[in-house]
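Trainee: Chain by chain, the residues run as shown.
There are 2 protein chains.
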Amino acid sequence: MLTNPRAERVKAVRALGRRSSRERAGRFVAEGPQAVREVLAFRPETVIELYVDPEVSGRRTDILELADKHDVPVHECSADVMTALADTEHPQGLLAVCRPVDVPLTEALSGQPRLVVVLTNVRDPGNAGTVIRAADAVGADAVLVSDASVDIYNPKVVRSTVGSLWHLPVVRGVPVPDLLEACRAAGLRVLAADGQGEQLLPDTDLQPPHAWVMGNEAWGLEPEVLAACDEVVRVPIYGHAESLNLAMAATVCLYASAEAVSTAAGVERRTP
Amino acid sequence: MLTNPRAERVKAVRALGRRSSRERAGRFVAEGPQAVREVLAFRPETVIELYVDPEVSGRRTDILELADKHDVPVHECSADVMTALADTEHPQGLLAVCRPVDVPLTEALSGQPRLVVVLTNVRDPGNAGTVIRAADAVGADAVLVSDASVDIYNPKVVRSTVGSLWHLPVVRGVPVPDLLEACRAAGLRVLAADGQGEQLLPDTDLQPPHAWVMGNEAWGLEPEVLAACDEVVRVPIYGHAESLNLAMAATVCLYASAEAVSTAAGVERRTP
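Protein chains in written order, with the numbering used here: chain A, 1 to 272; chain B, 1 to 272.
Keep in mind the hints are simulated off the structure, nothing from the lab. Because the structure is a prediction, the values reported are computed rather than measured. Treat the hints with caution; some may be incorrect.
A pair counts as met if it fits within one copy or between any two copies, since identical chains are not told apart.
In silico DMTMM-like cross-links for lysine to aspartate or glutamate, where the CA-CA straight-line distance does not exceed 25 Å [said to hold, decoys possible]:
#, residue 1, residue 2
1, Lys156, Glu259
2, Lys156, Glu224
3, Lys69, Glu242
4, Lys156, Glu217
5, Lys156, Glu231
6, Lys156, Glu89
7, Lys156, Asp71
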């Protein structure tokens, strides 16, 4: 049982809160039962080790069984150590050190994608994570995150994906022009979501395949990105609100697409 | 110019961060240029006074002109005082003390509402504010907030409505059964949004008039509330995501309704 919050191995995990440490180590942290369960269920080969507060492990036997099944080393640690390891103020007693799961762009777009999400210059971790979660919810084929966006392994991004980070292919670190070119080469129509667009979402042909391009939360999409897209689409505002936030706009656009995609493909909706 | 962060009047404004102080004083605080501009534009009669950091006022002449037009007293204050007044870590130099704007339930539902949002047991301020913003964006007729939900005058709620708090009628402090009864009496079909619902959103008749009932972010809607609704509707999940968060689910449901409402009413969509 680890009881020393100042131990080197504890410091090394805690350091993964910083992007530079994550990149140097080639590791990142997944915190909390939901994230740990999802990475063990979907990408167990990427889990290096688990840290568990024994007070919590009794209530999370399903997760510990998954770890055991995949031969993931489990370290028990005191509540103090857990607090030192974790990014959150109130850690939930369970934390996994993981290897990156992003895939190369060509791999993400192989296999005739129908619906893809492109994030350009998204800086807020909560927004980025929520859009990845929305992309997962609508069954998108991939999320492509540009080099100028927040790091997808930032603890707040990981947390706000609520496990979706491990559910669908995610690409990172590629410049926007290369992302758009690859979408086009994969046969995707490229739709920009932008509050300044003249075309309204309900008037937009959402037949697959297509990609949605989402911009920065404050300033939207740059002129050169807008110019490189096939259509610039706006979610209509019927009341007095000036705008929607990025996560809301993305969710509305993606659900509109999901309906069109599922109708076109005759995809069965998941039943609970 | 106010320069003493420990002055009684500064403390009195700061105290409005607490619900009990807000209720005793019958006042709350709107922070930042967006909120202050919206309350001055839409409900100027509810603004008691403005606090302005002179470093900011030069860039916000439109707001100060609005205050002048409506005879709102403006107090200049130092950056130190602004920090002492504000709830945010990095105040934006502009803050209004306001009177409540909620309306009685009967008033909110007079005039044949077509689309109404009911919040029951919503506890997270960011979620509540974002749903009010979404209700405004879709042109809903009113938002009804139950007595067991977060206070709509909580600074984080006010902030996350981004001005929408002053754009449409909001009711607060009413028990859920009374809210549902009033919706029914106003001729609204009552739709519960719940991840456990068997009916899918795309299969739901969204012809107006109706009300959407949203529950707690963690546990959803209570069985007795579900039983009191006409239909229990689930946003479909096409991928592996376990769920959507409350704000995402509400936004998707409301936009689906907005399309049906605007088609039915022949409402013009707002152009920028």
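Trainee: Could you tell me which of the hints above the structure violates, numbers in ascending order?
Mentor: 1, 2, 5 and 7
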